[in-house]
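Q: Okay, here's what each chain looks like letter by letter:
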Amino acid sequence: MPFTRYAEVGRIVLVNYGPESGKIATIVDIVDQNKCLIDGPESGVARQVIPFSRIALTDLTVKIQRNARAKTLKAAWAEAETATKWEATSWAKKLSMKKKRAALSDFDRFKVMVAKKQKSAIIAKKMEELSA
Amino acid sequence: MTVAGVMRQYQVVGRKAATDDHPNPEAYRMVIFAPNPVIAKSKFWYYLHQFRKMKKTTGEILDCVEITEKNCRTVKNYGIWLRYSSRSGTHNMYREFRDVKLTGAVSQLYDEMAGRHRCRPRSIQIIRTATVGAKDLKRTNGMQFAKAGVKFPLPHRVSSAKRGQRALSDSTYTTVRPTTFFG
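Chains A and W, in that order, are what the protein sequence lines are.
For what it's worth, this note's numbering labels the leading residue of the first sequence as 1, then goes sequentially.
For what it's worth, this note's numbering labels the leading residue of the second sequence as 133, then goes sequentially.
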């Protein structure tokens, strides 16, 4: 399979490690084989040099020049509707689901258990109907 | 000198001590790369007594101030001219580095000289540093990243379980090999 996600100026990346993990940012410039300069004014990521081992490339890009200012970046993100596009991806949905699950209280987990039981009861009934 | 961590850039100004016949001796200014001001002042005397007839006991340091990078939000190409002594002789060298700060490039220089030439920081003298435009780069490694429209995939991504990073797998045992292809 060919590569479709490239480390390039304008690529949206997800920070995987560090104080800003879980946030998305844009590659503003490439320093060398292992590091790039990222910036995410809309998502609260400070402009910084970060190694590629700490980020994950996404399918989204924005059209910016090298070393774009925060203002130009914001405008480009608004034009490309990056935030909404990212939230709509299944990747982002899975991440938020994981977060939600980790933040459940005991009562919430009880509700989840009850809902699972209800769902499996419906499925079992349907299976009985189909096999009969 | 020990180069622990990040290098800093200092402007050190010094002169010979004032005497009755020369109440106002000429002051000399040097830009020194050192990890802290103590080593910066020591390096100042090391260089100064090679150039002029003065040393720490016969002189005084007037000022030692750190120079911070004016703009650390853009990546620049730095060319560094240096002189280093190897096991067989001393040589001049010119190296290029891409970094956000000059001090970052100098730290890279010391690491690279140690790695490629087994050269200790005490054997390295930085003659001159300059910011180089992308057109004037001489070394191919920096040139390929300074080019416009540079892009490359990240093939064979191996995630490390070192230093508290995310483990290679969520479970202790698994039947599938981890995937290293992420598009």
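Because the hints were derived from the structure by calculation, they are not lab data.
Quick caveat: nothing in here was measured; it's all calculated off a predicted structure.
Hints may be right or wrong, so weigh each one.
Stated by the list, open to error - Quick list of in silico lysine-lysine cross-link-like pairs, BS3-like style, CA-CA up to 27 Å: (1) A:Lys-71 - W:Lys-279; (2) W:Lys-187 - W:Lys-173; (3) A:Lys-117 - A:Lys-23; (4) W:Lys-279 - A:Lys-63; (5) A:Lys-71 - W:Lys-173.
Q: Hint by hint, work out which the structure violates, then give me just those numbers in ascending order.
A: Failing hints, ascending: 3 and 5.
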